[in-house]
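Those sequence lines, one after another, are chains A and B.
Mapped onto the working numbering, the consecutive letters of the first sequence carry residue numbers 572 to 693.
Mapped onto the working numbering, the consecutive letters of the second sequence carry residue numbers 572 to 693.
Calculated from the structure, these hints are not laboratory results.
Take the hints with a grain of salt, since some may be wrong.
Each pair may be met inside one copy or between any two copies, as identical chains are not told apart.
In silico SDA-like links for lysine to any residue, alpha-carbon gap of 25 Å or less [what the hints assert, rightly or not]:
id: 1; residue 1: K613; residue 2: A638
id: 2; residue 1: K613; residue 2: H650
id: 3; residue 1: K656; residue 2: I594
id: 4; residue 1: K668; residue 2: F625
id: 5; residue 1: K668; residue 2: V587
id: 6; residue 1: K613; residue 2: Q651
id: 7; residue 1: K656; residue 2: H642
id: 8; residue 1: K662; residue 2: N590
id: 9; residue 1: K656; residue 2: Y606
id: 10; residue 1: K668; residue 2: E639
id: 11; residue 1: K656; residue 2: A630
id: 12; residue 1: K662; residue 2: E639
id: 13; residue 1: K668; residue 2: C581
id: 14; residue 1: K656; residue 2: A684
id: 15; residue 1: K656; residue 2: C582
id: 16; residue 1: K613; residue 2: E601
id: 17; residue 1: K613; residue 2: D676
id: 18; residue 1: K656; residue 2: S681
id: 19; residue 1: K656; residue 2: S646
id: 20; residue 1: K668; residue 2: L592
id: 21; residue 1: K656; residue 2: E691
id: 22; residue 1: K613; residue 2: I654
id: 23; residue 1: K656; residue 2: E692
id: 24; residue 1: K662; residue 2: M599
id: 25; residue 1: K662; residue 2: I594
id: 26; residue 1: K668; residue 2: E589
id: 27; residue 1: K668; residue 2: V634
2 protein chains.
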Amino acid sequence: MHEKMGGVECCETTEVHENLLHIVEETMPEETELYDLAELFKVFGDSTRIRILFVLFEAEVCVFDLAEALHMTQSAISHQLRILKQNRLIKGRREGKHIFYSLADDHVRSIIAQGREHIEED
Amino acid sequence: MHEKMGGVECCETTEVHENLLHIVEETMPEETELYDLAELFKVFGDSTRIRILFVLFEAEVCVFDLAEALHMTQSAISHQLRILKQNRLIKGRREGKHIFYSLADDHVRSIIAQGREHIEED
DNA sequence: CAAACATATGAATATTTGTTCATACGATAA
DNA sequence: TTATCGTATGAACAAATATTCATATGTTTG
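Kindly generate the complete structure, drawing on both the sequences and the hints.
Given below as structure tokens:
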């Protein structure tokens, strides 16, 4: 009887499968939200961007100073700022020739804080 | 006088730079922690792994059932489980031929929750 | 023991991604 | 306006990564 599932043999009963599939169907976010979530965390998944965020934790800083503080090219920083801005992690404010960047909201702080907590476990 | 900074001309005074560099030096985590942080978030930065985690939010599940629930190859799932396990986001428990996977701790839940909150802003 | 099942893993491939280089854009000052 | 400064951006290249395929490992059953 079990072999009639199309070769599927894993686990004891088919009930478990149906139950799981049902629960997954109910609680799994929509395809677009899953994609956006992954996209968001991808932004945090680069040490250069993380370092930029740590600087912006302390002050509102222009591109040039960010580049200097992190010992990186203005272009490299600018490219990363663009990604951070697109994902609404930071925002830019123009003041003459400068553009000063700062955190967009406090989720950035709490997400990174949670990450640090996880890492600092033994 | 400003030109003597080695061509550096940005921003009004050199004080700002020194101040920023000092603050950054004080508050920036160590190189290894920054790398580990980025590495952790990189793990969340893939929709397949996110989907696996959402399944494990609901139940302890074996590899085969995960593959079935997510309509993916056993091999693809296994590769991703390895990454999740290496970063201590999940843990495996052997029971006969099966290996049941579950969340390692609650940081996983809260990190993803924070991510969803950020996304669900207008 | 051999056979079957559940899972893991190495190699190969296609795609994604971060940095560099050159250049363009926008604002200000002369 | 022209020159200069601060920033943005497109193309190119190298490095990282997710999936597939084939195969190996480990466990149970006959």
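Status of the hints after comparison with the structure:
no., hint, in the structure
1, K613 <-> A638, "both (22 Å within a copy, 23 Å between copies)"
2, K613 <-> H650, "both (15 Å within a copy, 19 Å between copies)"
3, K656 <-> I594, "between (36 Å within a copy, 23 Å between copies)"
4, K668 <-> F625, "within (24 Å within a copy, 46 Å between copies)"
5, K668 <-> V587, "between (63 Å within a copy, 17 Å between copies)"
6, K613 <-> Q651, "both (12 Å within a copy, 16 Å between copies)"
7, K656 <-> H642, "within (21 Å within a copy, 34 Å between copies)"
8, K662 <-> N590, "between (45 Å within a copy, 22 Å between copies)"
9, K656 <-> Y606, "both (18 Å within a copy, 22 Å between copies)"
10, K668 <-> E639, "within (17 Å within a copy, 56 Å between copies)"
11, K656 <-> A630, "within (16 Å within a copy, 36 Å between copies)"
12, K662 <-> E639, "within (20 Å within a copy, 42 Å between copies)"
13, K668 <-> C581, "between (64 Å within a copy, 10 Å between copies)"
14, K656 <-> A684, "both (20 Å within a copy, 21 Å between copies)"
15, K656 <-> C582, "between (47 Å within a copy, 22 Å between copies)"
16, K613 <-> E601, "both (18 Å within a copy, 21 Å between copies)"
17, K613 <-> D676, "both (18 Å within a copy, 21 Å between copies)"
18, K656 <-> S681, "both (18 Å within a copy, 23 Å between copies)"
19, K656 <-> S646, "within (15 Å within a copy, 36 Å between copies)"
20, K668 <-> L592, "between (56 Å within a copy, 22 Å between copies)"
21, K656 <-> E691, "between (28 Å within a copy, 16 Å between copies)"
22, K613 <-> I654, "both (10 Å within a copy, 15 Å between copies)"
23, K656 <-> E692, "between (31 Å within a copy, 15 Å between copies)"
24, K662 <-> M599, "between (31 Å within a copy, 21 Å between copies)"
25, K662 <-> I594, "between (39 Å within a copy, 21 Å between copies)"
26, K668 <-> E589, "between (61 Å within a copy, 21 Å between copies)"
27, K668 <-> V634, "within (11 Å within a copy, 56 Å between copies)"
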